[in-house]
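Novice: The sequence shown runs 1 to 359 under my numbering.
Everything labelled a hint here was simulated from the structure, so no lab data went into it.
Treat each hint with caution, since some may be false.
Claimed, not checked - Label-pair distances were calculated between CB atoms; the ranges are: (1) 257 x 39: 22 to 32 Å; (2) 33 x 219: 52 to 62 Å; (3) 176 x 48: 13 to 23 Å; (4) 104 x 44: 17 to 27 Å; (5) 104 x 349: 36 to 46 Å; (6) 226 x 99: 17 to 27 Å; (7) 168 x 326: 17 to 27 Å; (8) 257 x 349: 26 to 36 Å; (9) 143 x 344: 47 to 57 Å; (10) 36 x 220: 20 to 30 Å.
For glycine and all other residues, C-beta sits at the position ideal for the given N, C-alpha and C.
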Amino acid sequence: MLDTAAQTAGARQGSPLRRPAGATMVRGGVIIALLLLTLLALPELLSLYYIDAMIQVAVYAVVAAGLVVLVGWVGLYSLGQAAVLAIGAWVTARLLFATAQPYPVVLLEAGLITMAAGTLIGLPALRMRGLYLALITLMLAGGITVVLATTNFPNGGHGFLGYNAAAVHIPAIRRPAIAATDPAYFRYAVVVAILMFLLVYVHIRTRPGRAWAAIRQSEPAALAAGINTTWYKLWAFALASFVTGVAGGVMAGGNQYLYSINFAPQDSITLLAVVLMGGAYSLWGAVVAALLLQLLPALLHNWGVSADWLTILFGLGVLQVLTTAPRGLADQVPRDIARLGRLLRRAVSRPATRESEPS
Numbered sequence: 001m002l003d004t005a006a007q008t009a010g011a012r013q014g015s016p017l018r019r020p021a022g023a024t025m026v027r028g029g030v031i032i033a034l035l036l037l038t039l040l041a042l043p044e045l046l047s048l049y050y051i052d053a054m055i056q057v058a059v060y061a062v063v064a065a066g067l068v069v070l071v072g073w074v075g076l077y078s079l080g081q082a083a084v085l086a087i088g089a090w091v092t093a094r095l096l097f098a099t100a101q102p103y104p105v106v107l108l109e110a111g112l113i114t115m116a117a118g119t120l121i122g123l124p125a126l127r128m129r130g131l132y133l134a135l136i137t138l139m140l141a142g143g144i145t146v147v148l149a150t151t152n153f154p155n156g157g158h159g160f161l162g163y164n165a166a167a168v169h170i171p172a173i174r175r176p177a178i179a180a181t182d183p184a185y186f187r188y189a190v191v192v193a194i195l196m197f198l199l200v201y202v203h204i205r206t207r208p209g210r211a212w213a214a215i216r217q218s219e220p221a222a223l224a225a226g227i228n229t230t231w232y233k234l235w236a237f238a239l240a241s242f243v244t245g246v247a248g249g250v251m252a253g254g255n256q257y258l259y260s261i262n263f264a265p266q267d268s269i270t271l272l273a274v275v276l277m278g279g280a281y282s283l284w285g286a287v288v289a290a291l292l293l294q295l296l297p298a299l300l301h302n303w304g305v306s307a308d309w310l311t312i313l314f315g316l317g318v319l320q321v322l323t324t325a326p327r328g329l330a331d332q333v334p335r336d337i338a339r340l341g342r343l344l345r346r347a348v349s350r351p352a353t354r355e356s357e358p359s
């Protein structure tokens, strides 16, 4: 019954559950080529300024992937992901200063601790949806941000908080030994992002993903089909919080110095907007959202243009996507390119057909 409900939900969303074998091979080849280009070529071609920006792209791609699960697959609009990211960064910084554990172990611990905290934030989702859930998670995010601003981020001090207000020289958050430089850390961040994307992909392509799709289409129908909606909603929040916590750990090593100003509550609103623009129903949409959120401001700053204009641009982009391309740029742009290619082929073939006709 779960598979039948999921197939109906997938058909309504317009996304096929199966692809032709040739298309799947081409898609896999393109993905592998892009990953090799990103890991091998980009660190050699980009300046340190853009490498730092691309580290943030890798971080926010993972955060956006968590939102894809919540928004695109379950239909839960959360505005608290910036606070969840801050929790992951705080836990990672504290563990790195307090212990000598390997960096991957610290990332795993940060993800698990953040998963527990994020699941608590997601408890209102058991009773609320839509605007009410968005407002509740935004208020919780604001409260967490105020707490972090009051306690400050760890800077190598003693005690539970690890903050030393009298510190003159603040030590940098350590990085893995194999990723001490910015180009090496960029590769490290991309590898972690790939692992998180694979984790999300496995979930959305197996039983949890089918249950989430059924819940998104109709929660009463999902209940009638025997789906434990409470369990699967909490599962979605736990998964989104885990990958966001790991992303916060990567962000801590990338920035090396953390401040509460980096995690403003309004960032969650902007993040949701760019996820809707990029495409909330596809992991490619998460990548597009991260590029819009982090690379585009870096480009504008380098060109001498204020990044504040992006607020207007994102507002217009969300309006355009909601009215003409509900599946986001990740789905609409390839369709438009394919449509343009067909028009060009027709335009080229028409003169050739006319010339071949007898006079």
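Novice: Each hint needs a verdict: does it hold in this structure or not?
Specialist: Now for the hints, and whether the structure bears them out:
1. Range check, residue 257 to residue 39: about 26 Å between beta-carbon atoms, so the 22 to 32 Å window is met.
2. Between residue 33 and residue 219 the CB atoms are about 40 Å apart, so this pair departs from the stated range of 52 to 62 Å.
3. Taking 13 to 23 Å as the suggested C-beta distance range, the pair residue 176 and residue 48 conforms, at roughly 18 Å.
4. At about 25 Å, the CB distance of residue 104 to residue 44 agrees with the hint of 17 to 27 Å.
5. Checked against the hint of 36 to 46 Å, the pair residue 104 and residue 349 fails, with Cβ atoms roughly 55 Å apart.
6. For residue 226 and residue 99, the Cβ-Cβ distance of about 45 Å falls outside the hinted range of 17 to 27 Å, so the restraint is violated.
7. Separated by about 54 Å at the C-beta atoms, residue 168 and residue 326 break the suggested range of 17 to 27 Å.
8. Evaluation of the 26 to 36 Å hint for residue 257 and residue 349 yields a failure: the beta carbon distance comes to about 59 Å.
9. The hinted range of 47 to 57 Å is satisfied by residue 143 and residue 344, whose Cβ atoms lie roughly 54 Å apart.
10. For the pair residue 36 and residue 220, the beta carbons lie near 46 Å from each other, so the given range of 20 to 30 Å is not met.
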